[in-house]
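**Student:** From just these sequences and the hints, can you work out the full model?
First to last, the protein sequences are chains X, Y and S. All residue numbers for the first sequence refer to my numbering, where the first residue is 1 and numbers rise by one. All residue numbers for the second sequence refer to my numbering, where the first residue is 1 and numbers rise by one. All residue numbers for the third sequence refer to my numbering, where the first residue is 1 and numbers rise by one.
There's no promise every hint is true.
As the list claims (entries may be wrong) - Listed below are the simulated SDA-like cross-link pairs for lysine to any residue, each with C-alpha atoms no more than 25 Å apart in a straight line: (1) S/Lys125 to Y/Leu18; (2) X/Lys258 to X/Arg248; (3) X/Lys258 to X/Glu287; (4) X/Lys348 to X/Thr279; (5) S/Lys180 to X/Phe98; (6) S/Lys125 to Y/Pro16; (7) X/Lys106 to S/Lys180; (8) X/Lys134 to S/Leu173; (9) X/Lys246 to X/Thr279; (10) S/Lys180 to X/Leu139; (11) S/Lys125 to Y/Asn253; (12) Y/Lys58 to Y/Leu33; (13) S/Lys180 to X/Asn96; (14) S/Lys180 to X/Pro93; (15) Y/Lys184 to Y/Met208; (16) S/Lys180 to Y/Val15; (17) X/Lys348 to X/Arg248; (18) S/Lys180 to Y/Leu13; (19) X/Lys134 to S/Thr181; (20) S/Lys180 to X/Ala132.
No lab work stands behind these hints: they were computed from the structure.
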Amino acid sequence: MRATANPVLRFDRVSKAFQGQIVLNDLTLEMQQGEFLTLLGPSGCGKTTSLNLVAGLIKPDAGTIFLRGKAVDALPPRRRGLGLVFQSWALFPHMNVFDNIGFGLKIRSAPSAEIRKRVGEMLDLVRLPGVAEKFPSQLSGGMQQRVALARALVTRPDLLLLDEPLSNLDAALRKEMQIELRRIHSELRVSTLLVTHSQEEALVMSDRIAVMRSGIIQCIDTPQRVYNQPPTRFVCTFVGEANIFKCRVDEVAQGEAKLSCGTLKIIVEAQPGIVAGQTVVAAIRPENVMLALGSGSNEAVIMDAVFKGNNISYSAVAGGEILNIVTPPPGDGCAFAKGDRVLLTFPKSKVILLEAERLDA
Amino acid sequence: MPRLAPQAISLALLVPILLLLIFFFLFPLAYLLHLSALAQQPTLQNPLPELSFVNYAKILQDSFYLSMSLNSVLVGLSTTFLTVAIAYPVAFYITRISGWERTLISVACLLPIFVNVIVSILGWYILLLPFGVVQQALAGLGIVSGPLQLLRTFPALVAVLVYEHLPFAVLILVSSLQAIPADKINAARVLGAGVPRIVFSLIIPLTMPGLVACVILVFSLSASSYLAPILIGGQRTPVLPLAIFSYGTELQNWPLAAALSFVLLVLVVTISYGFASAMNRIAKRGQWEFV
Amino acid sequence: MVGLRIFVYAVIALMLLPVLITFPVALTATSRISFPPAGLSLRWFASILTDQVLLQSIARSFWLALTVAVLSIAIALPCAFAAQRGRVRYRNVLETLITSPRMIPQIVLVLALLVYFEPIGLAQKFAGLVIAHLVVTIPFAFRTLLVSVATLDRRLEASSNVLGATPLQTFRLIVLPQLKTGMIASFIFTFILSFNNVTLALFLSGIGQRTLPVEMFTRMNVAGMTPVIPAISFVLSVLGVMLFVVLDRTIGVYRFLAARE
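**Tutor:** So this is what it looks like as structure tokens:
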């Protein structure tokens, strides 16, 4: 990935509580220079608090935050060299776009020629030429978003903080902006910390994703590994969908473990420490379950089939377990209908063995 | 740069206003209270006369002062009743219109607070002169002949006070009425309620807090009003503020003036709060009826 | 609704009548107040400009109101911030204290100030009058500004902060412009309140130092009134109407005066 030289951001056992409620609990995290890291989690998981701590808008109760290797506890927000974009964009309504973007430079007493040049560069970067004279109230949501981004980037910050910046946009605009943000990031190579509850945003834009729950990071890894090899049940179900099975280990032989859950038989690659007789939690994603007509050991009955345009979504029952299965659409219509008896296949490489959840008591 | 605790900054910002209020509001009132309990006016020869409640005794026993207090209360009550009775429908109408009509009506109703009180009183003075506009109109209709002594009467005083205080009432009631969500009224209409029923069962109860505030404000302002009584009411309807003014300035009897002002204060406050808590009790008791 | 409409317009007519009547009365050619006026002449309107005493009282009222309005905002604005943002523990007590001067009859307050000012030498001085006005206008300015401060978008300040501005710069460049409307409204209404105030000025202004309302009052009550008083009344009414219309069309009168309780 990136060079493991000085991390641009480091959380060292940071804790924070609000009115008796623990929001962050001993959080430790490292972010590398130039990477796009996403804090992903449901509301209340502590991701926005983490962002505010980095920005210096609030102070930690315990632990230290390091920016470029230096502890920043004593540093007020304005001296941390950061860029920040709020969900509501927070453009200054009484200033036009040019003054908004140039604000950071004006504060640093940059000469007006330089301000003009850099603001122009930013407007080109975010692809908004010609709006310099307009006021925020005259711009659409998407445009305001880009202006907010330009404003945060014009001072060439070491770290860019994005607090759910796409939540206020409609779906089509959101998709467009996800690609824009990715492009801007690769052009500027600016370290970016994104906070969001949208797993799609996280998957599309990040170099690494940190999944948070109740103030704790459950895993921090590349999008592919977070998706394909989630370490906990929470991560598995929060990022993407999954069929979860509580299984008994019947046999461990030749590097394989044979699991059974109700009438289902699942074969998975044996992990060290797995022994017969254990109870484990296994998961498989809907798009990885294979369906065929026929009968055999993993038999199921289709309960429902929904055509969703780019895929077909089935729900099936097998021995007391309900499964969700997703397949690409066949020629026309659905391949299977309600009441069909089908055979399920769980490819060994796609079955995920989950650890017990890493939650404090 | 050393960072000051936020609490210290807040307190520092509050210092000017606290100083102002303590030294020029609380202290003067305390001093006035002290004065009211003195036997005589402090003079250079006798700066610290003895404490005594002789002034309060005088006020509470002399029928002159008692009738003055009664007048003040009557003036206040009459003004309040008429003001609210007029302001409520007008405020209701205002909330139903918009644009220039609304501005026009608002101008007319709120004008007395945009110009000073003397202007309002002057207009009424001219209208009520013995051969003024009112007399001429009535004479023209054949109802009266000869000069009409309208000035210096109780009705004239109340009329002027209503005029003066209508703006306050309209302001409070408009914002109270505007706060009623339209969907509640629409729900009532859909259920078949006619206008009177909507007004009495829905609108009046929902604007009760505004009504109470209005009544309290108009009452306390009109009962303690000074200018209209002196210019229009005159000696025929003596009210407490007139005595307060005389004793405070011309007659230089500060203890008596102070005592009179506290009597006025107590009267106004007790009636206001008595009304407010009576209304609270009624509202709570009948609350479920209005749902 | 027709009945209501008639009622309302009747009320409007009655409200406007005292104002309108001053015009014909002021148009008289004689020096008596009467209706209908005897002869028509603009001399009384013109005499406003030559009546030195009247002109001085107008100037005095103007400067007084200006001073009071500026000082009210200067004192009430930091107070509104402290009340809204500071972690002051007794905020309710504070708010009650600040608005309490408006809860007692003004005549009681002015008597208290009159007797209080005498021994400390502020009686009949301009400073004393300013202080008295401040005591009654600051509660109002405070209430209005508190609403403005409460509706500030704190994310703007946070953004400014992260972009490198010091608290002072943020206040000057970001917060104050947001407060502009509230401050202007507060200024105008405080100015009006002070300009039109009679009771305080009546008791507390010096012998030769009358404000306009006091001058008008004295002539009505004691000194004998010529039609210049109806003339100036009419002029003031017209100005009041114009001011109201401008305010209503821009800021919205009900919104801000409603904070006045």
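**Student:** Now tell me, hint by hint, if it's right for this structure.
**Tutor:** Hints versus structure:
Taking the CA atoms of S/Lys125 and Y/Leu18, the gap is near 22 Å; set against the 25 Å cutoff, the hint holds. Our distance criterion of 25 Å between C-alpha atoms is met by X/Lys258 and X/Arg248, whose separation comes to about 9 Å. Restraint check for X/Lys258 and X/Glu287: satisfied, since their Cα atoms lie roughly 22 Å apart, inside the 25 Å limit. A C-alpha spacing of about 18 Å is found between X/Lys348 and X/Thr279, which places the hinted pair at or below 25 Å, so the restraint holds.
Simply put, S/Lys180 and X/Phe98 have alpha-carbon atoms about 21 Å apart, close enough for the 25 Å limit, and the pair holds. Between S/Lys125 and Y/Pro16 the alpha-carbon distance is near 21 Å, which keeps this suggested pair within the 25 Å criterion. A hinted pair counts as satisfied when its Cα atoms are at most 25 Å apart, and X/Lys106 with S/Lys180 qualifies at roughly 22 Å. Restraint check: the Cα-Cα separation between X/Lys134 and S/Leu173 comes to about 19 Å, which is no more than 25 Å; the hinted pair holds.
For the suggested pair X/Lys246 and X/Thr279, the alpha carbons sit about 7 Å apart, so the restraint of at most 25 Å is met. For the proposed pair S/Lys180 and X/Leu139, the alpha carbon gap of about 23 Å is at most 25 Å, so the pair holds. Distance restraint check for S/Lys125 and Y/Asn253: the Cα-Cα separation of roughly 22 Å lies within the 25 Å cut-off, and the hinted pair is therefore satisfied. This hinted pair checks out: Y/Lys58 and Y/Leu33 have alpha carbons roughly 16 Å apart, not beyond 25 Å.
Restraint check for S/Lys180 and X/Asn96: the C-alpha separation of about 17 Å stays at or below 25 Å, so the hint holds. A hinted pair counts as satisfied when its Cα atoms are at most 25 Å apart, and S/Lys180 with X/Pro93 qualifies at roughly 12 Å. Between Y/Lys184 and Y/Met208 the CA atoms are separated by roughly 16 Å; this keeps the pair inside 25 Å, and the hint holds. Of the pairs offered as hints, the one joining S/Lys180 and Y/Val15 holds, with about 24 Å between alpha carbons and a cut-off of 25 Å not exceeded.
As the CA atoms of X/Lys348 and X/Arg248 are separated by approximately 16 Å, the hinted pair is consistent with the 25 Å bound. Restraint check: the Cα-Cα separation between S/Lys180 and Y/Leu13 comes to about 20 Å, which is no more than 25 Å; the hinted pair holds. The straight-line distance between the Cα atoms of X/Lys134 and S/Thr181 is roughly 21 Å, inside the 25 Å bound, and the hint therefore holds. Between the alpha carbons of S/Lys180 and X/Ala132 the distance comes to roughly 24 Å, so the proposed pair stays at or under 25 Å and holds.
In this structure, every one of the numbered hints holds.
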